[in-house]
Amino acid sequence: MSEDRINIGFIRKPHGLKGYVRVEGLSDAPDRFADLDRIGVELQDGRRESLEIERCSRDGNSWRMKFRGIDTTEHAERLRGAYIQVPEEAVAPLPRDAYYVFELEGCAVVSDEGEEIGILREVMSMPANDVFVVDTPTGEAMIPAVRDVVVELDPGEDRVVIRKIPGLIS
Numbered sequence: 164m165s166e167d168r169i170n171i172g173f174i175r176k177p178h179g180l181k182g183y184v185r186v187e188g189l190s191d192a193p194d195r196f197a198d199l200d201r202i203g204v205e206l207q208d209g210r211r212e213s214l215e216i217e218r219c220s221r222d223g224n225s226w227r228m229k230f231r232g233i234d235t236t237e238h239a240e241r242l243r244g245a246y247i248q249v250p251e252e253a254v255a256p257l258p259r260d261a262y263y264v265f266e267l268e269g270c271a272v273v274s275d276e277g278e279e280i281g282i283l284r285e286v287m288s289m290p291a292n293d294v295f296v297v298d299t300p301t302g303e304a305m306i307p308a309v310r311d312v313v314v315e316l317d318p319g320e321d322r323v324v325i326r327k328i329p330g331l332i333s
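Mind the numbering: the sequence shown is residues 164 to 333 in the numbering used here, read in order.
Hints are all accurate, no fakes.
Here are the in silico distance ranges between beta carbons for each label pair:
hint, residue 1, residue 2, range
1, 305, 238, 39 to 47 Å
2, 287, 217, 28 to 36 Å
3, 200, 278, 42 to 50 Å
4, 291, 261, 18 to 26 Å
5, 296, 261, 14 to 22 Å
6, 317, 289, 16 to 24 Å
7, 317, 192, 17 to 25 Å
8, 170, 217, 17 to 25 Å
9, 293, 217, 31 to 39 Å
10, 259, 285, 21 to 29 Å
11, 238, 199, 13 to 21 Å
Hints are computed from structural coordinates only; laboratory data are not their basis. Quick caveat: nothing in here was measured; it's all calculated off a predicted structure. Built from N, CA and C at the ideal position, the CB exists for glycine as well.
Take the sequences, apply the hints, and build the full model.
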């Protein structure tokens with residue numbers, strides 16, 4: 164499998180006795196899994212496997228999936244905690260000025276005055292707004308991903324520009 168894979172789901176736990184698993188979607192596309200025939204999974208130990216989807220159905224806010232060859236709760240249990248992945252080129256296109264989290268992670272964060280702040284390590288999804296976790300020379304900074312702070316997102320240039328507000332970064 165290619166190294167450029169994107170996490171689109173997380174296998175929470177087995178569901179029932181016939182090898183089904185419960186999957187949490189990590190994509191904003193609500194029907195992301197409906198048209199897939201095959202997916203990659205990255206197991207908790209880092210190994211990757213390719214699995215053929217036998218059945219897939221929406222179940223409230225999550226999905227129930229059945230993979231070919233996974234026919235018991237015990238077989239399904241080894242998938243617990245695995246990430247469901249697709250090749251980067253298979254992600255759905257986004258509208259202009261919208262970006263996937265994987266495009267932003269690893270970008271340099273700079274102030275609107277040109278000062279280098281650090282590297283965006285993670286985007287945390289919070290109830291009010293997303294938060295950028297930035298590794299800085301002095302530690303970790305939590306930057307709210309709101310219009311008053313984020314001036315520009317430019318993953319094509321591996322750059323995020325923020326307005327440096329007093330007290331935001333030590």
